[in-house]
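K.L.:
Chains as they are written, first to last, in numbering that gives the first Met the number 0: chain W, 0 to 319; chain Z, 0 to 319; chain A, 0 to 339; chain Y, 0 to 339.
Since the hints were made in silico from the structure, they are not lab data. Bear in mind that the values here come from a model prediction, so they are computed numbers and not experimental data. No residue lacks a Cβ here, since even glycine has one placed at the ideal position from N, Cα and C. Treat the hints with caution; some may be incorrect.
What the hints assert, rightly or not - The calculated lysine-lysine pairs, modelled on DSS-like cross-linking and capped at a C-alpha distance of 27 Å, are:
| # | chain 1 | residue 1 | chain 2 | residue 2 |
| --- | --- | --- | --- | --- |
| 1 | Y | K45 | Z | K36 |
| 2 | A | K54 | W | K36 |
| 3 | W | K188 | W | K13 |
| 4 | Y | K54 | Z | K36 |
Unchecked claim - So these bits of chain Z aren't anywhere near chain Y, every CB distance computed over 10 Å:
| # | residue |
| --- | --- |
| 5 | S43 |
| 6 | G102 |
| 7 | R193 |
| 8 | H194 |
| 9 | R269 |
| 10 | D276 |
Said to hold, decoys possible - Label-pair distances were calculated between CB atoms; the ranges are:
| # | chain 1 | residue 1 | chain 2 | residue 2 | range |
| --- | --- | --- | --- | --- | --- |
| 11 | Z | P185 | W | A157 | 44 to 54 Å |
| 12 | A | E35 | Y | R143 | 41 to 51 Å |
| 13 | Y | G240 | W | E182 | 43 to 53 Å |
| 14 | A | N202 | Y | R143 | 23 to 33 Å |
| 15 | Z | K13 | Y | D310 | 50 to 60 Å |
| 16 | Z | D17 | A | P323 | 32 to 42 Å |
| 17 | Z | A177 | A | R334 | 34 to 44 Å |
| 18 | A | P89 | Z | D17 | 35 to 45 Å |
| 19 | Z | A177 | A | P89 | 55 to 65 Å |
| 20 | Y | G240 | A | T293 | 56 to 66 Å |
| 21 | Z | A177 | Y | D261 | 26 to 36 Å |
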Amino acid sequence: MITYLEAIRAAQAKALRDDPRVYIYGQDVGAFGGAFKATKNLASEFPGRVLDSPLSEDAIIGSAIGAALAGMRPIVEMQFADFSTVGFNQIVNHAATLFWRTGHSCPVTIRLPSGGTAGAGPFHSQSLEALYAHYPGLVVLTPATVEDAYAMLLEAVAIDDPVIFCEHKYLYYHLKAAELPSEAMPVGKARVARHGRDATIVSYSAMLHEALAAAEELATEGWEVEVVDLRSVKPLDTDTVLASVARTGRLLAVGESFPWGGVTSEVLARVAAEGFDLLDAPPRRLNARDTPVPYHPNLWGTHRPTAVTIAGEARSLLNF
Amino acid sequence: MITYLEAIRAAQAKALRDDPRVYIYGQDVGAFGGAFKATKNLASEFPGRVLDSPLSEDAIIGSAIGAALAGMRPIVEMQFADFSTVGFNQIVNHAATLFWRTGHSCPVTIRLPSGGTAGAGPFHSQSLEALYAHYPGLVVLTPATVEDAYAMLLEAVAIDDPVIFCEHKYLYYHLKAAELPSEAMPVGKARVARHGRDATIVSYSAMLHEALAAAEELATEGWEVEVVDLRSVKPLDTDTVLASVARTGRLLAVGESFPWGGVTSEVLARVAAEGFDLLDAPPRRLNARDTPVPYHPNLWGTHRPTAVTIAGEARSLLNF
Amino acid sequence: MPVPLEASANPPTNAPLMDRFRTGYRWMLLARMTEEKIASLYRTGKIVGGVFLGKGQEALSTAVGMSLRKGDYLAPLIRDQAARMAFGEPLLDTLRTYMGVRSGPMRGRDGNIHRGRPSEGVLAMISHLGAMVPALAGVLMAHRFQGIQNTIGATCIGDGGTSTGAFHEGLNLAAVERLPMVVVVANNQYAYSTPNTRQFVCNDLVDKALGYGIDGHSADGTCLQSCLEVLQLAADRARSGHGPQLVVASLLRLTGHGEHDDGSYIDPLLRKTPVGRDCLKLAEEKLLANSWATPAEIALWHSETQQQIEDSVAVTLREPLPDPAHEDWCALSNRHLAEG
Amino acid sequence: MPVPLEASANPPTNAPLMDRFRTGYRWMLLARMTEEKIASLYRTGKIVGGVFLGKGQEALSTAVGMSLRKGDYLAPLIRDQAARMAFGEPLLDTLRTYMGVRSGPMRGRDGNIHRGRPSEGVLAMISHLGAMVPALAGVLMAHRFQGIQNTIGATCIGDGGTSTGAFHEGLNLAAVERLPMVVVVANNQYAYSTPNTRQFVCNDLVDKALGYGIDGHSADGTCLQSCLEVLQLAADRARSGHGPQLVVASLLRLTGHGEHDDGSYIDPLLRKTPVGRDCLKLAEEKLLANSWATPAEIALWHSETQQQIEDSVAVTLREPLPDPAHEDWCALSNRHLAEG
Ligand SMILES: Cc1ncc(C[n+]2csc(CCOP(=O)(O)OP(=O)(O)O)c2C)c(N)n1
Ligand SMILES: Cc1ncc(C[n+]2csc(CCOP(=O)(O)OP(=O)(O)O)c2C)c(N)n1
Ligand SMILES: [Mg+2]
Ligand SMILES: [Mg+2]
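Isolated chain W (complex conformation) (with noise of 0.2 Å):
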């Protein structure tokens, strides 16, 4: 069995072995392997290639950038996603713009160690999609499973534009698979993960999960509901989305982020324009919290969505 943070170590290392333009840069994932291991031995595998950063995320990002207008095609790990507020400005002002200013684009991976784990608390435990998104010319990524973690991961590296890959660090060592896939859906598709004909719940990342649960619940409850995983917030393959709530006419979002304007907001908004007449009841989004993510498990419990509170609201839905 590999685990979703093997998938992203061994995608890590297929590049690194593949594309001799392909480097890792962070802090501490050199000889140490990474804050959570998802470059361990990669730095003796691949001498020179794997290499420690000073605790600088804004030069640690630009300096990517740099290396890929160059050239190089550069993995850069932040220690938590919350850290990349810090490189934000070369993120969406420089990385974000280059392509569409110079012609020339900037094939950096930033992967974004992201999302909710009990007792991480307000600064290691962010889920900041909806940030990059907002923004022109990045993609951004957001596996929900082990195969995607592993393909989506590569085809980040191979992408000519800058790619923001939010991987959860609560499926790092949950979620595991058989085997690594050999081929996998193109960035940019969603997946229908369950099918189901009575409501659409549509989610991504950990939040699947949770949603697969929910769905498995109300199975026992004798209502069958269809799960799609986004894969990629942006691209945001809405025609999927449509089609799924063209078949259910009840649509539900569900995202761990903040409230405002999330994931689930752009969802809603596109299928209220685009699939108004699909619906036979009100859309509905589940978030966390408005505030920060708290510390205790007792707070961090219910600040997220949750199975139950998924299958609470869906309840609803299907009783609308």
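Keeping the supplied structure of chain W fixed, place chains Z, A and Y with the ligands upon it in accordance with the hints.
P.N.:
Here is chains Z, A and Y with the ligands on its own, set in the frame of chain W:
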């Protein structure tokens, strides 16, 4: 006649006059009076309270946070909203979390000269309200009138929470009023800027005026379009929006920022979720295009919505 | 009943070294033993989340805390258990925050080293390293605006933290404003696993002072006397109008980065060099060598401290955990402006 | 027809000073006259948006451009018209970008000083000051990975820009990686209206070098010879493996911050001090004093340069402006991944 810019200057002068805890800090805000002259003469009128900072957005905001904790009410000017991305971390992770974490409020006002003007290009044109609204713990204001620029800035300084004050550069000189208001609607309330019965256009900041011009144009065709000025995007006054949609049955949301996840998506998501049955047609939205803001006026003029494109979109909505 | 050490009992800064050293030693001991207890609570699953200890840095941290007076501000960082205590943070604040109980200053909302009481002069750090430097500068600007005189602020940062833009911008701003601020760099040779060689290449971090136009001081971070003297000098100079003071102390982190980390990447040879010595042991040796304390006295301090910690843990363990149903889930102090 | 100056005709760096000085003067002249033309186009409304000129900084900027060879990288900043040209950026690139025509390297999408051709070694600056320092470091890391040897990079920044976190982080990273990078600080006494006294308090910005563990050099920014010599030394040292080189040159901005600004806040006394001298006039005087050029030659250079600029402006004015209908409005190079 007093301009939007003069109103901002007047509000700051009044705040300095009325409250010894207020000071102003930012690049060139002192003797020079600021890049846009929003602090003109204030340094000499209020000696020692209007200070030039080093070229250090992160430290400017960080220091304002510390000063606020120690009892001051700093007003910080970013030279352009776009440069606030360099101080992003202090805003979203420090100012925004303090009250929730410690129970100690953090009354800083951060002025962001926002939005596009002809020839300003990708880095002097951005509208970042959606970024800040996404984070818990911030109030995000987007005044569209001279009166609101004045009254809301005064309120921003008075409020115990961190306020992101998005003032639109295009309105600085273009917008004039006869006099400053002695009172105003409270922060957090939207305003019906024009009454109508056929459709609702929801907008804010500079786009409000494009929307009003579009409504005027449509009036010549016999349509009565209602225009709602959000005034504040966080909190977002859903009630006023819903009340308007209840009257008109049709919704178009217009924003100047990038399309993914902006204010318009939040407005559509809320109306779809909470006012689904009020809608007689699919809701629509109009945003800037999904590229950086272009430099040349030819491109800039079609990058963001204008009265013409808003009227066009509204016409499709009205004829649906 | 043991009499707990109180910051208000710190000897005046012009007291004889012996008095200050004895008190300093007791703060170091309290910090060390508190953190040992926290580590054991962590190992038994009583504490969730990160635990980051200051083992090996207590001399420096204590000196920082003792250099401050009431009315001053402290912006502690990761490894400042000792500074916090010596400045007056109650032991219960530490334990309650680590356990996440409702009665703690962070009420379970934030944990461990992120605690603070801004209205009592202890800033609550955010994780993003460097960020507290400009924040503390702002506090001192506020004091200047308010006409509050003779207060200073102290903050700590690691060798790694000096690489952040926030450190640079904040220190430069403080220099331009000539603020009474002491910035203490604990050069413990590593930032997490990253050795100094991958972090900076100046000969000595204190060389940075020149480039900011501020005073620089070096301290032996393993030696309580050195730390007390250097921090006192720096605090005095800050207080008397000489602007920001950069103090760089050399020492070694004698534990993992956090309790989840065994620190196996630390070069074992470093342990054998002067920076690798245990400041607490050195301080104890000095107390005895100078006859500043008797073995019996030291033994009593140990047992009293142990007792004090056990008592506080016992209190904390009985206190109620946060209850989501009673949370107000409101990130604004203006409730009427909050959404959701 | 005048023969335009070409970067490929720069004398080798070990050529006699006279040759390099003569060429340098011509770059300075071209930059100055180009910018004067741009200013007049701006005043007549032919250029929209910001216009930021390098008047008074041409000696330094020229020396930066001339210190580089083909294969090197330049990350120019606001006031580097001269460096760009001396490194090989065609005059048409400048004019086309300012006029926003489709044929320019930025195609009307971005303007003025934000132009660049990354594949030809000229990075396209973003406005956020400091940001180009780490980017250039990354280019040089790439060269090391790729086994490209003997290339260096140069970038410029202002006194104000040294206060940014990006400058600090980028320079430190470059120092840790010992990259062959020359970072040139044009200390022109002001950042927009902000005088040095509100920007930093070190005695001399070159004092920062020590704190990064890198070489520092001072230059007289008003003197072409000083700039050529110091930049050559710095470039040589970078090229021969001595790591980043910090060059600090003193001079004065002889114009407003931008053409919208009259610079009335500039202390008039500064104009009378050595930093206030006009580098172009000084260079001309030196050419004549040393008999490195005759008055007739200089006059010819002027008229040739004038002609070259007028010709290029005439070309540019006839070129098509961007047409929104023909824009692809796609911010990604992978069209299929673009939205909307
Ligand atoms: C801006 C930022 N980036 C990354 C981290 C993650 N992080 C936490 S502690 C640490 C190492 C800190 O090293 P140093 O500053 O030397 O302090 P020490 O742990 O040695 O006391 C890192 C990288 C962080 N907290 N902030
Ligand atoms: C991060 C950032 N903040 C603010 C600005 C706005 N700005 C543009 S130029 C300038 C002054 C720059 O001063 P300096 O670095 O000394 O360069 P000079 O203009 O003197 O050449 C400022 C504040 C910016 N471009 N980037
Ligand atoms: Mg360290
Ligand atoms: Mg300058």
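K.L.:
It remains to establish, for every hint, whether it holds in the given structure.
P.N.:
Now the hints, each set against the structure:
1. Y:K45 <-> Z:K36: holds, 25 Å
2. A:K54 <-> W:K36: Holds, at about 25 Å.
3. W:K188 <-> W:K13: holds, 23 Å
4. Y:K54 <-> Z:K36: Given that 27 Å is the threshold and the Cα spacing comes to 25 Å, the pair holds.
5. S43: Answer for S43 of chain Z: holds, closest chain Y Cβ roughly 13 Å.
6. G102: holds, 30 Å
7. R193: The claim holds: R193 of chain Z sits with its nearest Cβ about 28 Å from chain Y, beyond 10 Å.
8. H194: holds, 32 Å
9. R269: Nearest chain Y Cβ is 22 Å from R269 of chain Z, so the label holds.
10. D276: Non-interface label stands for D276 of chain Z: nearest chain Y Cβ at 29 Å, farther than 10 Å.
11. Z:P185 <-> W:A157: 44 to 54 Å: For P185 of chain Z and A157 of chain W the Cβ distance comes to about 53 Å; the hint holds.
12. A:E35 <-> Y:R143: 41 to 51 Å: holds, 46 Å
13. Y:G240 <-> W:E182: 43 to 53 Å: 46 Å Cβ-Cβ, so the 43 to 53 Å window holds.
14. A:N202 <-> Y:R143: 23 to 33 Å: Distance hint for N202 of chain A, R143 of chain Y holds at roughly 24 Å.
15. Z:K13 <-> Y:D310: 50 to 60 Å: holds, 56 Å
16. Z:D17 <-> A:P323: 32 to 42 Å: Holds - the Cβ-Cβ distance for D17 of chain Z and P323 of chain A, about 41 Å, lies within 32 to 42 Å.
17. Z:A177 <-> A:R334: 34 to 44 Å: Once the Cβ atoms are compared, 36 Å apart, the range 34 to 44 Å for R334 of chain A and A177 of chain Z holds.
18. A:P89 <-> Z:D17: 35 to 45 Å: holds, 38 Å
19. Z:A177 <-> A:P89: 55 to 65 Å: Since A177 of chain Z and P89 of chain A have Cβ atoms about 58 Å apart, the given range 55 to 65 Å holds.
20. Y:G240 <-> A:T293: 56 to 66 Å: Since the Cβ atoms of G240 of chain Y and T293 of chain A sit about 60 Å apart, the hinted range of 56 to 66 Å holds.
21. Z:A177 <-> Y:D261: 26 to 36 Å: Once the Cβ atoms are compared, 32 Å apart, the range 26 to 36 Å for D261 of chain Y and A177 of chain Z holds.
This entry satisfies every hint, going by the numbered hints stated previously.
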